[in-house]
Amino acid sequence: MQHVKVPQDRIGVLMGEGGSTLREIESRAEVRLDVDSENGSVAIDSVGDPVLGMVAPDVVRAVGRGFATEDAMALLDD
Numbered sequence: 087m088q089h090v091k092v093p094q095d096r097i098g099v100l101m102g103e104g105g106s107t108l109r110e111i112e113s114r115a116e117v118r119l120d121v122d123s124e125n126g127s128v129a130i131d132s133v134g135d136p137v138l139g140m141v142a143p144d145v146v147r148a149v150g151r152g153f154a155t156e157d158a159m160a161l162l163d164d
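Throughout the sequence shown, residue numbering follows my numbering, covering 87 to 164 in sequence.
Some hints here could point you the wrong way.
[What the hints assert, rightly or not] If you anchor each label on the Cβ, the simulated ranges turn out as follows:
| id | residue 1 | residue 2 | range |
| --- | --- | --- | --- |
| 1 | 137 | 94 | 29 to 35 Å |
| 2 | 109 | 87 | 17 to 23 Å |
| 3 | 120 | 95 | 17 to 23 Å |
| 4 | 124 | 152 | 20 to 26 Å |
| 5 | 124 | 104 | 16 to 22 Å |
| 6 | 89 | 137 | 29 to 35 Å |
| 7 | 103 | 137 | 27 to 33 Å |
| 8 | 157 | 109 | 24 to 30 Å |
| 9 | 108 | 140 | 16 to 22 Å |
[To be verified] In silico EDC-like links for lysine to aspartate or glutamate, alpha-carbon gap of 16 Å or less:
| id | residue 1 | residue 2 |
| --- | --- | --- |
| 10 | 91 | 135 |
| 11 | 91 | 122 |
| 12 | 91 | 124 |
Hints were generated in silico from the structure; no laboratory data involved.
Note that the coordinates shown come from a computational prediction; the quantities given were computed from them, not determined experimentally.
Ideal Cβ placement from N, Cα and C applies to all residues, glycine included.
Produce the complete structure using the sequences and hints provided.
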C-alpha cells in the first residue's frame with residue numbers, strides 16, 4: 087500500500103462528480119483508493135495488475151498538482 091498527499095482544494099477534482107473520477111482511476115489502474123478528505127491523504131492499494139498499480143500514485147499526484155484528470159489518466163496509456 088502506498089500513500090500520497092493531495093492538497094485540500096484538489097480533493098474534489100480527484101473524486102469527480104459523484105465519485106466518477108475516483109472510480110475511473112480505480113478501474114483503469116486496478117487499485118483501490120481510500121481518500122481522507124480531512125487531511126488529503128490517499129491510500130492506494132493494488133488489487134490487480136501490479137504494473138498498473140505502480141503508476142496509480144503518479145496519476146493521483148498529477149491530479150493533486152493541477153493536471154486535468156484526462157491528462158493524468160494518460161499516464162496509464164504507456
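Run through the hints listed earlier and report the numbers of any the structure violates, in increasing order. 6, 8, 10
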